[in-house]
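Q: Protein chains in written order, with the working numbering: chain V, 993 to 1526; chain C, 59 to 193.
It is possible that part of the hints are untrue.
[Unchecked claim] If you anchor each label on the Cβ, the simulated ranges turn out as follows: (1) Glu163(C) x Glu1454(V): 21 to 27 Å; (2) Glu112(C) x Glu995(V): 21 to 27 Å; (3) Glu163(C) x Ile1448(V): 16 to 22 Å; (4) Glu112(C) x Pro1370(V): 42 to 48 Å.
[Claimed, not checked] Listing some non-contacts, in silico: residues in chain C with all C-beta distances to chain V over 12 Å: (5) Pro62; (6) Arg84; (7) Gly97; (8) Glu107; (9) Gly124; (10) Lys140; (11) Pro154; (12) Glu156; (13) Gln162; (14) Ala167; (15) Arg186.
[Said to hold, decoys possible] Under 8 Å between C-beta atoms, here's a sample of chain V residues computed to sit facing chain C: (16) Pro1087; (17) Glu1390; (18) Asn1491.
Hints were generated in silico from the structure; no laboratory data involved.
Just so you know, even glycine gets a beta-carbon here, dropped at the ideal spot from N, CA and C.
Here is how the chains run, residue by residue.
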Amino acid sequence: MHEVTERKGAFTTVSGQTIKAVYRPDDIAGLDYERDLGDPGQYPFVRGVYPSMYRGRLWTMRQFSGFGAAEDTNARFKYLLEHGETGLSTAFDFPTLLGYDSDHPRAAGEVGKLGVAIDTLDDMERLFAGIRLDRVSTSMTINAPAAILWAMYLVVAEKQGVTWDQVSGTIQNDILKEYIAQKTFVFPPRPSMRLIVDTFEFGARHVPRWNTISISGYHIREAGATAAQELAFTLADGMAYVQAGRERSLDVDEFAPRLSFFFNAHNDLFEEVAKYRAARRIWARHMRERFGARNPRSWLMRFHTQTAGCSLTAQQPECNIIRTAVQALAAVLGGTQSLHTNSMDEALALPSEKAVRIALRTQQILAEESGVANTIDPLAGSYFVEALTDQMEEQAEEYFRKIEDLGGMIRAIELGFPQREIADSAYRYQKALESGEQVVVGVNRYVLDEKVGIPILRVDPEVERRQVGRLQRVRAERDQGAVRQCLGRLEDGARGSGNLMYPILECVRAYCTLGEIMDTLRRVFGTYREPAMY
Amino acid sequence: MRRPVRVLIAKPGLDSHDRGAKVVARALRDAGMEVIYTGLHQTPEQIAESAVQEDVDVVGLSILSGAHNTLVPRVVELLRGKGREDVLVLVGGIIPEEDVPFLQEQGVAAVFGPGTPTEGIARFVAERLRGQECR
């Protein structure tokens, strides 16, 4: 016998989960193939939601893009489509995310900076000029004002002669994770939930191929959550939406097939793969057993993945290409339906054209050269991966029990429970980084003293002035009587209980601004202020 | 009478990414400072007002939105207007290298980019405020 020496005292995942030296058959002794895994496309969908997965169709390559005015982003969309992107994904600027017009005093300095500025239908028309909305699917990262931006998109489709049953895509529309992590909330939780259920109902009736929500763990992870916390809080949010739909008396099978998910892909390859596999199993079980869904399409969890922005470093940014490749591999091995790979310069600024092209090429190399898309769920049956998948599921169930004890997810959020758990994890991670226990190449090991040598995208400061000018022109030229009437009907609707998608569509058609529509709703619903804790 | 260094950590503008702000707030508190965190979506006016009311020695501004060249000089100017040119103003977040000299000319003491250890920030504050603990 050789004496066993190990180079570290403890081996853990990036989330701090202990990893054993070797996994053996007894680590997965309780595993029953039919019950716990199932073939791809079969309940509980651990091995993938479709029978043929990437052999039938590759994942959608969807790079999150948006900056400047609508024309700037339209040009980036076309550039990416020319280079082989297969779906669009839109980033909006902060004033848009928070429902302020570009000329609002609070928007100063922020217009077009971290996303595209959208004030009225006119901007949305220019954003998709020359892009047929029946040929491409579009994801829009928008939450508090999701119903309004979606209404704008649907009207743009109409104007192109595309019917609503031909458009496909996703609105993020996930307000619960906003209170937990991303923090672009506007209204308090309960009216926010009402607006979201309005989109579920409207989508089920009129836009059958649209994902009316993307229940998002991405931002929860970016805020510092562990993989298990990301998994648990995301699925708990999902269950809260299903519950809200049922409280509206919607049939679960009417809206559940259009619920979609969005996860992060961090550096720890196996932990991430286990997370996606566990997520599918948990969702399928809860939908079937707890919520009584009968349609198999209601059981399967489809998800988009984005590689971890928070893992990228400003130091030696070229190394980010490699991090992103590993993370993208995790997403693909985990069976994602759609993927965004971050660009190497994102710890410095918004991506430049070249950086985003390399990020897209990373996906294309995985898809077309690496062979990982040739067989489905290749890691199934691995002692390690199956044990880790089980462990992830147990940790998530533990969190579900805690949340239940607190009175459900909305209550848990109001009490600051997930926020505090995440802040604790973020702090623990930072300490591990500073002690050197967690290695980040270029930051706390293999450090170089060099000037960053990659070009950075800068948003033209003129964008704000031009955008404000255009907004004011649209405001001046529209039918003011129609605007007042539509906003009045929206306010009445908000005070009542009808589905708000219909009056919102009217407002959008009359070129009401995003700010006007949001202000109308703010008057009725009020705004949310979070307790500042750290 | 000795008193601990007082720090205001603030998130100016509409940017909502608060992980860094919270981690730094906690690290400075653990380093023995008194830390007040404003929460999100603060206007420069609100930040300057809080800084004066709380009588802080340091204002730490966390920005990832790209709006730093608009918001940071405004905070500094408002602090000066209130007679608090002595407050140490620090900036953290995604700040392009080429904007750093501009922010320094505006009166910012230091800009801490991604990857900065929190201990480094605490040390910087302690060194710059040496002797001021006794104010």
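Q: Hint compliance check: list the failing hint numbers for this structure, sorted ascending.
A: The structure conflicts with hints 2, 4, 6, 7, 9, 11, 12, 17, 18, although it agrees with all the remaining ones.
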